[in-house]
Structure formats: C-alpha cells, structure tokens
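Residue numbers (the numbering used here), protein chains in the order written: chain A, 1 to 213; chain B, 214 to 431; chain C, 432 to 711.
Treat the hints loosely; a few may be bogus.
Covered stretches of chain C, going by a simulated chain B footprint (3 or more residues, C-beta under 8 Å) [stated by the list, open to error]:
(1) 643 to 653
(2) 662 to 673
Straight-line distance between alpha carbons at most 25 Å, and here's what the computed SDA-like set of lysine to any residue pairs gives [claimed, not checked]:
(3) C/K525 with C/T546
(4) B/K336 with B/A318
(5) A/K194 with B/P248
(6) A/K194 with A/G173
(7) B/K336 with A/V201
(8) A/K194 with B/L305
(9) B/K336 with C/D631
(10) C/K525 with B/P384
(11) C/K672 with C/T434
(12) A/K148 with A/G173
(13) C/K698 with C/T546
(14) C/K525 with C/G590
(15) C/K525 with B/L335
(16) C/K525 with B/D391
(17) A/K194 with B/A359
(18) C/K525 with C/P615
(19) C/K525 with B/D334
(20) B/K336 with C/S664
(21) C/K455 with B/P248
(22) C/K672 with C/D453
(23) B/K336 with C/E462
The set of hints was computed from the structure by calculation and includes no laboratory data.
Idealized CB from N, CA, C, for every residue including glycine.
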Amino acid sequence: MAADTDARWVPIAVSADIPNGTVVPARLPTRMIAVWRAASGDLYANADRCPHRGMRLSHGFVRGQTLSCIYHGWRFGSDGACQKIPAHPAVEPPNTINCGPLPMTEANGVVWGAAVSPAVAPDQFTGHNALRSLVIAASVDAISSACKGRRVDGTIRAQLGGQNTILLMNDYGSGEVQVIALVPSGISAPNGMKVSTALEVLRRTAEGMGDAA
Amino acid sequence: MILYDYILSASCYKVRLLASLLGVELQLRPVDFHPGREHQGAELLALNPAGSIPIFVDGDLVLTESAAMLTYLAARHGPDWLADADARATALQQQWLAFSHRLTAELGGARLVEMLHFNGDLKALQSNGIAALRELEAALFARRVAGGTFLVGDGPSIGDIACFPYVALAPDGSISLDPYPSIRIWMRALRAIPGFIEMPGIHRLHELAPDPFAEAPS
Amino acid sequence: MTTAAVRNAWYPVGLLSGLSLDGKSSLLLGEEITVFGSRDGVPEVESGGRALPVVQRFGHLWTSLGYPGKDLFTIPEADHPDRTLVDVGVVRVKCSPLRAVENFLDIAHFPFVHTDILGAESHPEVRDYKVEIRDEVDEVWATKVEFYQPQAAKSAGGGITTEYMYRVPAPTCCVLYKTCPPRPGEWDVIALFVQPLTEDLCDVWPWMALFDEDSTLTELIHFQQLIFVQDRSILENQIPKRLPLDPAMETPTRADLTSVAYRRWLKRQSYTYGAQLVAE
Numbered sequence: 001m002a003a004d005t006d007a008r009w010v011p012i013a014v015s016a017d018i019p020n021g022t023v024v025p026a027r028l029p030t031r032m033i034a035v036w037r038a039a040s041g042d043l044y045a046n047a048d049r050c051p052h053r054g055m056r057l058s059h060g061f062v063r064g065q066t067l068s069c070i071y072h073g074w075r076f077g078s079d080g081a082c083q084k085i086p087a088h089p090a091v092e093p094p095n096t097i098n099c100g101p102l103p104m105t106e107a108n109g110v111v112w113g114a115a116v117s118p119a120v121a122p123d124q125f126t127g128h129n130a131l132r133s134l135v136i137a138a139s140v141d142a143i144s145s146a147c148k149g150r151r152v153d154g155t156i157r158a159q160l161g162g163q164n165t166i167l168l169m170n171d172y173g174s175g176e177v178q179v180i181a182l183v184p185s186g187i188s189a190p191n192g193m194k195v196s197t198a199l200e201v202l203r204r205t206a207e208g209m210g211d212a213a
Numbered sequence: 214m215i216l217y218d219y220i221l222s223a224s225c226y227k228v229r230l231l232a233s234l235l236g237v238e239l240q241l242r243p244v245d246f247h248p249g250r251e252h253q254g255a256e257l258l259a260l261n262p263a264g265s266i267p268i269f270v271d272g273d274l275v276l277t278e279s280a281a282m283l284t285y286l287a288a289r290h291g292p293d294w295l296a297d298a299d300a301r302a303t304a305l306q307q308q309w310l311a312f313s314h315r316l317t318a319e320l321g322g323a324r325l326v327e328m329l330h331f332n333g334d335l336k337a338l339q340s341n342g343i344a345a346l347r348e349l350e351a352a353l354f355a356r357r358v359a360g361g362t363f364l365v366g367d368g369p370s371i372g373d374i375a376c377f378p379y380v381a382l383a384p385d386g387s388i389s390l391d392p393y394p395s396i397r398i399w400m401r402a403l404r405a406i407p408g409f410i411e412m413p414g415i416h417r418l419h420e421l422a423p424d425p426f427a428e429a430p431s
Numbered sequence: 432m433t434t435a436a437v438r439n440a441w442y443p444v445g446l447l448s449g450l451s452l453d454g455k456s457s458l459l460l461g462e463e464i465t466v467f468g469s470r471d472g473v474p475e476v477e478s479g480g481r482a483l484p485v486v487q488r489f490g491h492l493w494t495s496l497g498y499p500g501k502d503l504f505t506i507p508e509a510d511h512p513d514r515t516l517v518d519v520g521v522v523r524v525k526c527s528p529l530r531a532v533e534n535f536l537d538i539a540h541f542p543f544v545h546t547d548i549l550g551a552e553s554h555p556e557v558r559d560y561k562v563e564i565r566d567e568v569d570e571v572w573a574t575k576v577e578f579y580q581p582q583a584a585k586s587a588g589g590g591i592t593t594e595y596m597y598r599v600p601a602p603t604c605c606v607l608y609k610t611c612p613p614r615p616g617e618w619d620v621i622a623l624f625v626q627p628l629t630e631d632l633c634d635v636w637p638w639m640a641l642f643d644e645d646s647t648l649t650e651l652i653h654f655q656q657l658i659f660v661q662d663r664s665i666l667e668n669q670i671p672k673r674l675p676l677d678p679a680m681e682t683p684t685r686a687d688l689t690s691v692a693y694r695r696w697l698k699r700q701s702y703t704y705g706a707q708l709v710a711e
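Turn these sequences into a full structure, and let the hints guide you.
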C-alpha cells in the first residue's frame, strides 16, 4: 500500500459529479478526504475530518466560498483555515485551527488528489473525457482480465461498449477499487450509455471471478 | 386526511414529505411502533390486518400502502407529480413505485436490524440493498446523460418520493452511500425543492437558508 | 480496555417493561450476557454461567460484570408523583459509548443538528456556564447553561431561552435537567443511559421524567426519538471512533467545557473503555 506521504496523483472523482456549492467524500489510499466546489466553481480538497470533534466534513455544506461542518457549523476557507465558530460568533478563530487542505487538480474531467504535492501534473489523456465513476469489489487484476484490457502505467485500456475506453484505478486497498472511465471526447449520449452498461457488465464479471482472479 | 404515523418510519415520512411539498395538511396520529409495537395491537389491526404502518384514512377510504397514498395525494392535489403524460411515463412510474418496495424490504430491513434490534439476515439484506442502489445509480446516471435530474419526466414525481427516503437512510443499516455520485446529485435536487421537510437521519440543506454571518450590504 | 472502573460500573441492559421470560442475548463490554425477565420475582442477567448483580431503577434493568462498590445513582427529582415517566426505547448506534455521552452534554450542535427544534442557526451563541467535578459525589456537573430554543420541548409553544443543568453520575450515563414550561421552578429530567456493547458499538436507552399533561405518551416518545436519531448520523461519522482523551487530538472551545471536564474525569478514574489515550 502507498504511504500517506506519497507525492502521487490519485484519480478520486469525476468533475461533473461535484456541482458548484457541494461537498463529496473521496478516498486516497490511506485516508478519507472531503472534496468541495465553491459557488465560484473552484475546487478544494481537505481531510474528511473536522478538527473540532472529528466529524466527517463531507457531511457538511458549502456556502459561497466556504465549507461548514454539519455538527457545529465550524466554517473553513479555501486555505483550510477556520473562519467562524458559530458558538462564539464574536471570537476570531485562532489561525492554528485548520482542516488540512490537500493538493488537487482537474484534467480530462477527472479530479485528482494527493497526500503531498507531486512534482509533475497528472497524466494527460488527450481526446478523452471522464464518463462515470463506480466502485468494484474486486482486485485490479480481476478487473483487468474481466475486460480483457491492456494495463498501461496503472490504467487499463479496453474496448467497452464499442468505444476506446481508459479505466483509471483508485485501489482502496480493502478489496475495492474505484474505477473512473474515460471515453473519447464528444461521443453521443447513446454511445456513452453503451459504455455505462458495459461497465456494469464488467463489474458483475470482475466481482464474480472471486479467487479465480 | 389522517395519517397513522411513526417519526422514524421512512414509509410514513414519504407521505408527510409529499403532503408538505404539495402544501396539504395531514392530521397525524402518532403510533407507538417502537418500543410499544402498537401497530400489532387490536385497534390498528382492525384498521390494517397486515399490521404495518403507515395507515391513511380519508372518510371511508383506508389505504395501507405508501405508494397508494402518494398516488392519492398527487391525484387530488398535484397531478403533475403523477408524471403520467404518456404510456411510457405511466409505466416507468409504476416501475419505480414497485422498485421502492425492494428498497423498503432490503435497505429498510437492514436499518431495522441495525438500529432497532429487529431480527433479520443482515448480510443478505445489505447485499440485496447494495444491488438495488447500484441499479438506481445506473438509472440516474442514464437520466443525467439524457439531461434529466429525476426518475421520470422533467420534474420530481411520486416515484422519486417513494424511492428517496430509504436510499437516504441506507447508512442507518450500515450501507455506505459514498460510492454513488448520481444518487447524491438526485437526493440533493429533491432536498432543494421548496417545502422539503427532513426526518431524523436526513438533514436539510443548510446552505439554502441565508447566511446568518453574511456582512450586511453597506 | 476493561479496567476495574469499567467492570465495576452499573450498565443498563433492558427496559423492565420489555424483558423476555425466555431470555434475550446481548453484549456488555464485549462479553455475552443473557437478560431474563421474571413473572413474579427479580429479573436475572447471566454471563458464562454466572449470575450477575442486578438493580431495577428508572424503568430499566441494570447489571455489572464486576463487583460494584456503590449503589446505582438516584435521580430524586424524578420521584415527584405528577411526573410522566417515559421509556423511550433502545436505539443502537455504531459509536463509542463515550462519544454518545459527550454528544448529549453538548449544546453547540443544536442549531445544526436539531435545527428549528432545539436550536436555530440565527442564535448559535453558547454563553459561559459553570462546570465542576463534584468530588463529594464523584460526578461531573454543568450549571447555568442557557440556550435559545425554537421548540424546547413537546410542551413548549414557541422560542424561549432555556436553562439547563447537565450531570454525569456514571461514565456511560448522563442526566439533563431543563426548564419546564408548564411548571416554572421545576425541571424536566431527560436521561441517556448507554450500554457499551463494544468499544465502538452501543445500545442507547433514553428515559424521561416530565411534567406534561397535554401530550400523549406516544408523542413524548416520538419527540425524544426524533431528537436522538438526529444525533445518530453524527455519532456514526466521527473519526476516530473512540473518544480521544489526548487533548491534542481535538479542539475544544469554551462551549465544550463540560466535555473537557468529562474527559478529565474519565481519565482520572481510568475509565478508558471506548476511549483512545494517544493519537494514532
């Protein structure tokens, strides 16, 4: 398993799955993170844990350019700094209170996260764009053989639903893998649906392979 | 219109939720489901021999299935919510109402075991519940690709209301909703409808209320 | 970790009104127990062929895996004959028993978790209150706690500033005394009795002794279940699962002084079941 100090980009979400003004849970190999998009459209990531009482921030809410915890409403800015503690409205929160911002970036409709800022940008997949993300309860090996794909640097290239599809892998290390499928940019909605259906078939096959994989 | 109601029942909540969205007032009659098991007592069995809640009474009409209650409320007070413009939509609506029974049995069953000490095969309930969530996720993804948000037609309908509560409460039965982005977007759209009410385990969207700390415009 | 303090404490294991003559199996501190009702005698609790001590109080059956050196606490205020005693019923929560107690001692979450019932986002301020560990009774007390509540109780018509007192008489039990709208000068009593099944799983038995002549018993049960189950999704999503006793792990403010005292009191008596001593 990768260490938490890994300076390595991990695919964690599809950009379109995080509309403006929302927060979602995501995973790095060693920790849970909260990814949120401010009203402006800017995207941020931080530890999925409020420093106050440990509540998952992905259960919270986004107002304007800030993320709030659902438990006590503690409000954090894009730099992770606590801006407001509602129980003490007149108090300026000390700048030591921070929810731990993490590096993230978006490319090809994919959100990438990392525990430590990598030196280089994530892989580019020119001409491809993210379609959908799904979690498969099987190993990367089982997924690869289920789609008869070709492994290239931690990704799988396969023909799915008649399209050249690239599968990005986020191995949770607990027997589950998050798969983000990229398809040729600009494909029609019906063709996108064919790939989506093929992904469902792929999941059933990979999960059915069990120990044989 | 009287609703025999339990505050922690997601099936009762469906009826309260639609009534609120339609601006219709219900007379609530609280039922001591837990710990009293009043739904299994003589008075309520006389009304509903199946021994389940909710029970809905309007004059001499007695309904014991939440999907029927949603249909009745929508037909009387908000026909748009029936989303039955054509044969296809009518059939899809029935499909989702039937699907909601699977959610109740599996996700709701896991919730009763995990939260209120009911008996049941938890592993089977969870695994069937996850299968149902994956089907819903795939269907909602298809709706997004087609430019839609809700299960049938352009707006929310009774199929959405029938499916929403047990999906939102899946974590009560130790089933994570983290892997389902399309379900998350759909639930958010439902929670943003004016007149939405919450139930324990389903929080409101605080961000829709004005920011109490916003600087007053000078 | 099951220290002597942990084993010798009293724990709730069932509603006296809901015991089964055939016995119901459960867990206490990770050990299997069976709880038996009795047609005319005293209910019994058994663990590994051994009969455990029992006490019947507050509508619940209590037991201990060890040898309790003192009697289970009492709540004298609850004895008033005009009070309605409410057995709210069990709710299972996947959290540390200590996190469940600590959440009950907290008012600052009312505007966000019990919105428009126990709190409102427009009135989030927690004013200073008084906290002490009362050595003579070995209990944690918070007094002069005030908070604005839109609908403080089933019997409260509109928004009022409610006064509270919080009391921790045992490591997994807490009692809340709050302003009683129909009876100025009296306190409503709301208690949370927590049965630790394991370090991160518990059965919570809320119980109330209220002055309320207008609401039905079922309405009172529903109100308390509504409030407690609103907390449940919070309790199941706190990280880490076990309550950190290391002050560096979490960030208390003045509003959290009750919880600070509670954690210190737990540490002092080596009550560490469901707790985490050092950061992981």
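Evaluation of the provided hints:
Counting residues of the region 643 to 653 of chain C whose C-beta sits closer than 8 Å to any C-beta of chain B gives 6, which meets the bar of three, so the coverage hint holds. Check on the region 662 to 673 of chain C: 3 of its residues sit with their Cβ under 8 Å from a Cβ of chain B, so the three-residue criterion for coverage holds. Annotation: proposed proximity of C/K525 to C/T546 holds, straight-line Cα distance about 23 Å (limit 25 Å). Taking the CA atoms of B/K336 and B/A318, the gap is about 13 Å. The hint holds against a cut of 25 Å.
Using a Cα cut-off of 25 Å, the hinted pair A/K194 and B/P248 is violated, with the two alpha carbons roughly 49 Å apart. The straight-line distance between the Cα atoms of A/K194 and A/G173 is roughly 29 Å, outside the 25 Å bound, and the hint therefore fails. Of the supplied pair hints, the one linking B/K336 and A/V201 holds, its CA atoms being roughly 23 Å apart against a limit of 25 Å. Distance restraint check for A/K194 and B/L305: the Cα-Cα separation of roughly 20 Å lies within the 25 Å cut-off, and the hinted pair is therefore satisfied.
Pair hint B/K336 plus C/D631 holds up; C-alpha atoms about 19 Å apart against a cutoff of 25 Å. Taking the CA atoms of C/K525 and B/P384, the gap is near 11 Å; set against the 25 Å cutoff, the hint holds. For a cut-off of 25 Å, the pair hint linking C/K672 to C/T434 stands: about 20 Å separates their Cα positions. Proposed proximity of A/K148 and A/G173 is supported: the alpha carbons are some 22 Å apart, at most 25 Å.
For the suggested pair C/K698 and C/T546, the alpha carbons sit about 33 Å apart, so the restraint of at most 25 Å is broken. Only pairs whose Cα atoms come within 25 Å are accepted, and C/K525 paired with C/G590 is rejected, the gap being roughly 33 Å. In summary, the hint linking C/K525 to B/L335 is supported, as the alpha carbons are separated by about 15 Å, within the 25 Å threshold. Annotation: proposed proximity of C/K525 to B/D391 holds, straight-line Cα distance about 17 Å (limit 25 Å).
A threshold of 25 Å between alpha carbons decides the hint, and for A/K194 with B/A359 the separation of about 13 Å falls inside it, so the pair holds. For the suggested pair C/K525 and C/P615, the alpha carbons sit about 38 Å apart, so the restraint of at most 25 Å is broken. Distance hint between C/K525 and B/D334 is fulfilled; the C-alpha atoms sit about 18 Å from each other, no more than 25 Å. Using a Cα cut-off of 25 Å, the hinted pair B/K336 and C/S664 holds, with the two alpha carbons roughly 21 Å apart.
About 15 Å separates the Cα atoms of C/K455 and B/P248, which keeps this hinted pair within 25 Å; it holds. With a C-alpha separation of about 34 Å, the suggested pairing of C/K672 with C/D453 is violated against the 25 Å cut-off. With a CA separation close to 22 Å, the supplied pair B/K336 and C/E462 stays within the 25 Å bound.
Violated hints, in rising order: 5, 6, 13, 14, 18, 22; the structure is consistent with all others.
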